[in-house]
Amino acid sequence: MRSCTPRSLLAASLLGAALVAALPGPAVARTEILWWHALQATLGERVGEIASKFNASQAEYEVKAIFKGSYPETLNAAIAAYRAKQAPHIVQVYEVGTQTMLSSGAILPVFQLMKDHNVAIDWNDLIGPVKTYYSSGGNLYSMAFNSSTPILYYNKDLFKKAGLPDKPPVTWDEVEAMAKKLVAGGAKCGYSSAWPSWVIMETMHAYHDQPFADHANGFDGLATTLKINGPFGVKMLELLQRGAKEGWFTYNGRLNKAEANMGGGECGIFTTSSAYIGNLTKTAEGKFAWGTAPLPHMAGFPRGNSIIGGATLWVMKGAKPEEAKGVAQFFKYLASTENQAWWATVTGYLPLTQAAVKAMEASGVYTKNPHLKTAVAQMNAAKTTPNSQGLRLGNYGSIRDAIEEQMENVFAGKKTAKQGLDDTVAKSGDILKEFAALYK
Amino acid sequence: MKRTVFRNRWLPYALVAPQIVITLVFFYWPALDSVRLSLYRASPFGDRLIFVGWGNFARLFADAAYLRSALTSVVFAFLVTLIGLVLALVLAALANARIRGLAVYRSLLLWPYGIAPAIAGILWLFIFHPSYGVLPYVLSFATTYQFNWFLKGWVAMTLLVVAAVWKQFGYNLAFYLAGLQAIEASVLEAASVDGAGPVRRFLAITFPLLSPVTFFLFTLNMTFAFFETFGLVHSVTQGGPGDATSLLVYKAWKDGFENLQLGVSAAQSVVLMAVVIGLTALQFRYAEKKVTY
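Protein chains in written order, with numbering that gives the first Met the number 0: chain Z, 0 to 439; chain E, 0 to 292.
In short, the hints are calculated from the structure, not lab data. Be aware that a few hints might be false.
Stated by the list, open to error - 30 Å max Cα-Cα, derived BS3-like pairs, lysine-lysine: (1) Lys439/Z to Lys151/E; (2) Lys439/Z to Lys226/Z; (3) Lys180/Z to Lys151/E; (4) Lys151/E to Lys244/Z; (5) Lys84/Z to Lys151/E; (6) Lys319/Z to Lys151/E; (7) Lys151/E to Lys372/Z; (8) Lys151/E to Lys179/Z; (9) Lys324/Z to Lys151/E; (10) Lys151/E to Lys414/Z.
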């Protein structure tokens, strides 16, 4: 290590020469904008398409879309990069990380960015829950990107086999009645759901205008307690606990694992993200007919709106002025009706603006693929209330874990619904307090 | 051992330097940083760092979920080690017999070791899967009990144990086979002449002579079960149902990387570090003296 032989010097200089040769020439004048995202496969290709379309549309900026792994992996990569002062300009963060990003002190709010660079976007044209979820004090903090909401799917072939008319259930009572008939008719699973906490707890509370956490679900200040052990939450879980016991509800795991059961043609009634449409179209092709419908309603409770999931784009602090300007221009392109309509059509995510919905209607996309309309119709049919504008919880990921852990205990019959929810509230209280202690 | 003498007094240091540097940068530095971080309540982006002393550890040991996770890990590690070693020993004894095509059998038995834990988990997931798995299908003819590991903790645990045992099997077998072949045939022959049957010979001679190997494999399998099963849990059960398969190493990762509670996660890593240091110390103190390679 100490000695410097002529040979090692030669090797070093050769290596240096090779490195210099590998650098791009001085011709590059475009400002580079790094966009880290978490979408893979087909969706990842679509993200790449957005970047290349934007790059082709102007000559000043070059957006580079880089896949960084799953949502948590992408967030972790961004955190590590930020700490090393190497942050990308734009990072895609899932809804679970919203409070983390808001509290981070590491971001530049989108509304601020747009104001700084005099880029006008009509935020009021955004679909209600999409806007509220990511706004604070009426100002948008992160750029809405891929949003979806839970909807109901049903297997028409299994409905026919069970002697049911081709009509999806509208209430949970009907879900129960139909699921029982489906099972009696030979279906392996009457009703099942993917994303247990997001669909059955988070969305269902919002959909019935029930509070999920204190401080208006964390929108008026840091949430400190969950409120899901009220009459609605208990009734919801009691229903499904009974369903699990009687055999008309099948629990098929966390995340989107249960989608395999729906895609395999086992389930009569199913709830999951509207972004599942594309996938189900492919898997069910030539095997079974299916339909979509708005989520079922629980009799005796008011109506709110369904909430969204998915991810948004956050702008990291520390960009040079010309880079920030490029990000603002890029977001303007993202919000354009042309891009929104195209994106929603090819991915199954929600179009984020009403203008894009109109454009899609005009172009006949919805007549060709009526399923794409279900989620939009469901959201536009209702009014967004304080309980359904979204959820903003610190350490949201751990809270989902705590909820799903207890849901599993309840469905397995280990605890009563009330006990399970009380335990969830106690556990998540500790988690929320820990977060609050950090930002007090 | 032969003592090598270097003429240049710096050369030996230069030769070991890369290894030392790698160890310092990739092992000691992160380890020390974990210890430091375990004493803080830290925000994900690093803008808040509040010293809490032993607070994270105190929280950890007062947390019922963590204690359950510790118990789950111990149960898991013992099941994997005991079942794994017994199976490997029995099959090694069989594979040590003089039979036709022995080399083929031996190679086939060694195969699973070449598979990553995550992949092993996925393979067994297909066999156990409640809707398309072979095992629940076969069992459905015998019983109406639902072997759904999405809901039943013990089924999920069984799945993980089976996958882990299977994955380590080749390794254990290789060591036992080597151990068996090192036993002098004359000793066993002498026992035969004295009238000892195959079982007696195994219990009185083979097994005791294999004890150094057994001890070595015991610590090794324990270490594997405690620290290298992250991929398995991550790809198959994600700690569920409930927290039935939330092993310590998985929980530490989850709290740190998914839930972004860095201080608590660092405290968990420190606890795990203490366990692995303990196991390694045990290994060196007892095994090194008895095992002759």
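Q.
Run through the hints listed earlier and report the numbers of any the structure violates, in increasing order.
A. Result: hints 1, 5, 6, 7 and 9 break, sorted rising.
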